[in-house]
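Given next are the chains, with one letter for each unit.
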Amino acid sequence: MDQLFNRKYIVQGLFVLIALILLGRLFYIQVASDKYFLDANNNALRKKFIYPARGVITDRNGKVLAQNQPTYDLMVTPNEVKPFDTLSLCNIIGITMEDFRKKFHKAIVQSRYQSSIFQKLLSVQTYATLQERMANYKGFDVQKRTIRYYPDSIGGQLLGYIREANQREIEKYQGYYKPGDYIGKSGLEKQYEVELRGSKGIKRILYNAYNVAQGSYADGKFDSLAVAGEQLTTTIDVEIQKLGEQLLTTKVGSIVAIEPATGEILAFVSSPGYDPNLMVGPETGNNYMRILSNPYRPLFSRPLRGRYSPGSAFKPLDALIALQDGVVDENSTFNCPGYYIAGNRRFKCEHVDGNIALRRGIARSCNTYFWSIFAKMMLKKGYKNQHKAYDEWQEKVRKFGIGDTLGIDFPGESAYKLFTAEDYTKRYSKYWGYTTILSVGIGQGEITTTPLQMANIMAIIANRGYYVKPHLVKGIGEGKHIDPKYKEKHYVGIDAKHFEPVIDGMQDAVNSPIGTATESRIPNILMCGKTGTVQNVHGKNHSVFIGFAPRDNPKIAIAVIVENGGYGGAYAAPIASFITEKYLTDSLKGRRINGATIDQYKSTNLLPVLKDKLPKQKIKTDTSKVDSTKKTVPLKSNTANNQFNKVAIAPKNNATTE
Amino acid sequence: MQQQNSRFFFNVDWITILIYMALCAIGFVNIFSVQYDPDKSEAFSFSAEYGKQLIFIISALVLGLSILLFDSKFFSVFAPIVYGVTILLLLAVLVVGRNVGGNQAWIPIGSFRLQPSEFAKFGTALLLARYISSFNVKLNSLKPILICAAIIVLPMVLIMLQPDAGSMLVFLSFMFPLYREGLPGSLLIIFWGAVLLFILNLFVSPSLLICCILIIGGLFAYNARKRLQKVINIGIITLIAICYLFVAKYLFENVLKPHQRTRIELILGLTSDNRGAGYNVIQSKIAIGAGQLTGRGYLEGTQTKYGYVPAQSTDFIFSTIGEEWGFVGCFVVIGLYMFLLLRIVNMAERQRSVFSRVYGYSIACILFFHVFINIGMTIGIMPVIGIPLPFISYGGSSLWSFTILLFIFLKLDSNRMGFI
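Same order as they appear, the protein sequences are chains A and B. When the first sequence is numbered by this note's numbering, its final residue is 724 and no position is left out of the sequence of numbers. When the second sequence is numbered by this note's numbering, its final residue is 437 and no position is left out of the sequence of numbers.
Stretches of chain B that chain A covers, calculated by requiring three or more beta carbons in the stretch to come under 8 Å of a beta carbon on chain A:
id	segment
1	306–314
2	384–392
Straight-line alpha carbon distances no greater than 30 Å define the calculated DSBU-like cross-link-like pairs of lysine-lysine that follow:
id	chain 1	residue 1	chain 2	residue 2
3	B	K155	A	K74
4	A	K266	A	K101
5	A	K454	A	K555
6	A	K450	A	K483
7	A	K74	B	K160
8	B	K90	A	K74
9	A	K129	A	K668
10	A	K169	A	K186
11	A	K414	A	K492
Footprint (simulated), chain B over chain A, 3 or more residues, beta carbon under 8 Å:
id	segment
12	75–86
13	89–101
Just so you know, the hints here were simulated from the structure itself, not pulled from any lab data. Predicted model only: the values in this text are computed from it and were never measured. All C-beta atoms, glycine included, are put in the ideal place defined by N, C-alpha and C.
Produce the entire structure from the sequences given, and follow the hints as far as they go.
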C-alpha cells in the first residue's frame, strides 16, 4: 500500500499543474494582453461623435472671409425602419422612388444596425418640412452639421476647401478622422486644420448584443464636449484682395502684397481663381471636376508655385550687391552706346543713354549698366577667379530669399533652384565665364522666382535691409499667438546706406518722366518700383511690376505678374498702382492709367489662346526659362520688346498728361 | 447520545463545508449580476434565475446536512441500489425525457427539471467504491479491471444515447481513483496516448504519423532487443496504433455529429468561425480578458450583462467572474477549488476504509474534471462540451448532485475512525 500511497502525489500534482495552466492562460488573457479588453469595448461601446463648428476665418480687420452655416443630413438605420409612406418622403427630399431604393440598398450594404447618411445637405426649408413629419419615418433621423460659407466669394485658393478625408489622411492623423469626416484639403484650411477643426465631442454609449442602446457608459464620466475650432485672423486685407481678384479676372497671373515691417501678406491673388462657395453644398463634386479640368488651372497656386524669371525686376537687387561689394558707387558711370560688348559679342540695349549712373540706370532699366556692374562683380577677383566671384555673388542673392522656400504658412510653396558655380560647371564644363551667364545679371536665364519671392525682395528694399518671413495668419483664437519665426528679422547683409541710391532710381521709375512706369504714378504718394518685361518663349511677354509705397515708412510692398500682359508698364504697374492707392487711401480717385479706367483694366481679357494644349503643358509656359546655350537669341528679342515698350508708351503718355 | 453528537460535529470537516458555502455564494452573486438590470430596480424575485438559485442553494444545504444524519454504513450497503436507480433514471429519460437543446437529458418534475446524468455520477462512485473495497479485489489483474470498466461504461453508454457527450466524458475521471487503487500506470498512458493520437490525427498527415509511430516503436524494440517476447509485444502495439489511426479518423468523420466536430476543430485551431460555434468562446474570452487585473467591478461587466455571451449563467458563468472580478477574482475561485480538491484527496488518504478512500478520490476527480473542462472552455483551451462549474453554475440538478457527492464524503469522513 505504501507504494500506492505515493500515487496521491501524482494525482495532486496533476491538479496543481492544471490549475497553473488555467491561471497562466488567464494571466495572459487578462493581464498580459489588452486585445480582449479592447475587443470588449468594440463590442459594447459605441462612440457617438459631436461635431464642433469649424473656426471662422477673418481678414486682418476682423471681416469674415469664411464662416459656417447649418445644414442637415438625413440618416437612416435600416433595421429600425418600419413600412411607411415612402413617396411622401421622396417628395420632401426631392428624389425619385428609384433613387430611394438605391440609397436604401446602399445603406443596408453599409450596415443594418448603424446609421448612415441617406441624403446629404438638406436645405433649411426641407429640414423644416421634414421635421414635422419625422415621427412617420421610423428609423430615419436628421443630423445637424455645419458647412462653410464665404460671404465675399473671394480667396478660393487662399482659403482652400474642405472635403471628406481620404484613407491616407485618416491614417496620418491617427484615429482622429473616420470615413465621412471633413478635413481641410488645401490652402489655409489645410495649413491650420488642427486649429480650425476644434475637437470632436465623444459620447460613449453602451449597446447590448441586440444592438439596443443601454445608456451612457459610466454615467458619462468619460464623455467629452465638442470644442469649437479657433478663429483664424489672417493678414489679408479683404478690400485689396477683392480688388486684386477683380483686376486679374480673365487674366493669368498673381498679386502678392506684403506689409514690409511685419511680413504680413495683405493680398494673395492667384488668377484664374474660383469662387470658394462652389466647393460647398450638394454640387461640390461636379464643381470640383469642372474646376479641375479647367485648362487655366484655377487650383494652381501661382503666388507660391508660379515660376517666373524676375527680369528687370531683379535689377535693384543686383545694384545693391554691387554697392555693398564696393565695385561701384552711386556715381560710377558707364557708357551706354545702345549695346554692350562682352568678349567678341555685342548685346543690344534698347536705348542709347550715353554715360549713365545708378539712379538713371534703374529708372531707365538700362541693360548695359547692369551688364557692366555684373561684369565688374564677376571680375573683381581677377579673370581667373570668376567662378569664385560668382559663388560669392549667388550667396548674396540667396540671402534675399531666392533659391529656396521662404517658409510661408501655406501648403505647397515651391523652391526654385539658384545655380551655383558648380552647377554651371556641370552644364558648361569648366570653361565658362561671366559672358556665358551674362543674362543672369539682368534677372534672366537661370534665375527664377515665385511672385512671393519678388514681393519679399520689395519688402527687403522697403525695410532697407531685412525681411520678416511672409505669412498669412496674424492670430489664432483668443490668444492671437503665432509662430515666433514670423516675428524674426532676417538681415540680408546690405548696409542701410546703399538702399537710398537704389530707391532713388526706383522712385524715378514711377515718378519721373524718364521712368518705365510713370503712368502708374499715384498722386500725393511716392511709390517706388521697377517694371519687368519677361520674355516667354510660348507667347506674349509677361508683364511684371514690383514696388513699395510710400517711400518713407513704407506700408505696402507689392509684386504683380500678368502673364502675356506685354511690357511691365502696361498691366502690372497700373494694377499695382490701383491696389496701392486703394490700400493707402482707402479709396480710388477714378484716374486713368495709360488712358484706361480701372474698369477697363478689370475687363481686359488676356487669357492666352490654348492651341489644343493640355493643361499640364500650359504650366511650362509660366517659366520663361531662357536657356543660356542660346543666350543671344532671347537677349535680342528682349531688346526688341523693350523698344516696343517705349514706343508704345510715348504716344499714350502724351495723350493723358493734359 | 449527547457525547456522540458533539463528536459528530467535531468530526465533520467544517472547513470543507465553509469552502462549499463560499463557492455557492460566489455562484449566487454572479448569477444575480448576470440578470441585474440597473434600469429596472425590481424587487427580489424568486422566479428569476438568481431567485431560483437561492432556493436551490438553501435546499441543497438542507439536503447536505440531512445526509450527515444518515448512518455511514448506509451508503456502502445501498450502493448497488443507488446505482441501479440512477441507471433506471437514465433509461427513463430516454423514454419520457424532455428534449432541451438537442439533448434528451431532462425529466420534468413540476416546474423543475431533473437531470439524471448528474445523479449517475455519485451512483457510479458509490458502486465503484463498494466493489473495490470488497475483499480480495486487486486492480492489477484483468477481471476486476473489466468489472470496474463495466460499472463506469454502462452509464456512459446510456448518457451517450441522450446524447450528452459532456456529461459522458466526466466519467473518464474515474480513471484516477482506479489508478490510486493500483490500476497499472501503463494503461493510463496507453489511454491518454490514444487520445493524443486521436487529436494529432486531425491535423498531422497520416503518413507522417505512421512514420513517427514506426520510429518510436523501432526505438523501443531496439532497446528491448535482448528479449524476444517484449519485441513482439512492441510490434503488436505499434501495429494496433497504426490501425487505431484509421479507426479514429473514421470515427471522427462518421460517428461524431457535425457540431461536435466543429467544436473539436475550433479548439485545435483547425477552423475559425466567429459567428457560429466559435462565437461563445470568442465572446467569453473577450469578457474574461476585459476584466484585466482587478475586473470592471461588480455589476459593471458590459460584455456579460448585455448578452454577448450565451449560456451566461450556466456553462459560461466563469466569464462573468472573469469580467467583473478580474484576474484576482479568477485566482481566488481557482484557489478555492484547488484548496478543496487537495483537501478532499488528503482527507481520502486518512480514511481507514477503502470504500471511503475510493469514494473520496472519485469525487475529487469528478470535481476536478468539471472545473478544468468548464474553465478551460471559457478561456478557449478546451472544447465547449457544456458541463457546469460545480457549485457556481446556475441549475438545481447539478448543485444538488454535487452537494450529495460532497456531503456523503463528509459523512464518511466524520466516521473515518470506524470500519464500514
